[in-house]
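Quick note: the sequence shown uses our numbering, first residue 90, plus one each step.
Treat the hints with care, as some may be off.
Restraint-style ranges between C-beta atoms, simulated for each label pair [said to hold, decoys possible]:
{"hint": "1", "residue 1": "Ala97", "residue 2": "Ala142", "range": "54 to 60 Å"}
{"hint": "2", "residue 1": "Ala132", "residue 2": "Leu101", "range": "30 to 36 Å"}
{"hint": "3", "residue 1": "Asp94", "residue 2": "Ala136", "range": "56 to 62 Å"}
{"hint": "4", "residue 1": "Thr166", "residue 2": "Gly137", "range": "21 to 27 Å"}
{"hint": "5", "residue 1": "Lys135", "residue 2": "Pro95", "range": "28 to 34 Å"}
{"hint": "6", "residue 1": "Gln99", "residue 2": "Ile162", "range": "22 to 28 Å"}
{"hint": "7", "residue 1": "Met176", "residue 2": "Trp145", "range": "30 to 36 Å"}
{"hint": "8", "residue 1": "Asn177", "residue 2": "Ala132", "range": "50 to 56 Å"}
{"hint": "9", "residue 1": "Ile162", "residue 2": "Pro95", "range": "39 to 45 Å"}
No lab work stands behind these hints: they were computed from the structure.
Beta carbons: idealized from backbone N, C-alpha and C, even for Gly.
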Amino acid sequence: MADHDPQADQALATYRAEIRAVGRQQRLAGFGLVLLGAVMVYASQKAGGAGEAVLWGGYAALAAGWALMLVAIFLRTRYHRRRMREMN
Numbered sequence: 090m091a092d093h094d095p096q097a098d099q100a101l102a103t104y105r106a107e108i109r110a111v112g113r114q115q116r117l118a119g120f121g122l123v124l125l126g127a128v129m130v131y132a133s134q135k136a137g138g139a140g141e142a143v144l145w146g147g148y149a150a151l152a153a154g155w156a157l158m159l160v161a162i163f164l165r166t167r168y169h170r171r172r173m174r175e176m177n
C-alpha cells in the first residue's frame, strides 16, 4: 500500500480551488439566466397578450445562459491546459 503524501493532497486541493474560481462569474450568470428563461417560458402561458413576447424572451435568456456556461467551460479548459503545460 502506497503512503499518502500530505503535500500532494494539499497541492491538489489548492489546484481544485483555483480552477473552481476560473469562469465562476460566467457560470453563475449563465445559471441565473437559464433559471430566468425557464420561469419565463413557463409563465408565458399565463401572460395573456404578452405571452409570445415573454416566450421569446425566455428562449433568449435560455440561449444566453447556456452560451455563458459554454464560455465558462472553455475558459476552465484553456486554463487547465496552460497549467499542465507549465508543469512540464
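Status of each hint after checking the structure:
no.: 1; hint: Ala97 to Ala142: 54 to 60 Å; result: holds, 55 Å
no.: 2; hint: Ala132 to Leu101: 30 to 36 Å; result: violated, 44 Å
no.: 3; hint: Asp94 to Ala136: 56 to 62 Å; result: holds, 59 Å
no.: 4; hint: Thr166 to Gly137: 21 to 27 Å; result: violated, 44 Å
no.: 5; hint: Lys135 to Pro95: 28 to 34 Å; result: violated, 57 Å
no.: 6; hint: Gln99 to Ile162: 22 to 28 Å; result: holds, 27 Å
no.: 7; hint: Met176 to Trp145: 30 to 36 Å; result: violated, 47 Å
no.: 8; hint: Asn177 to Ala132: 50 to 56 Å; result: holds, 52 Å
no.: 9; hint: Ile162 to Pro95: 39 to 45 Å; result: violated, 31 Å
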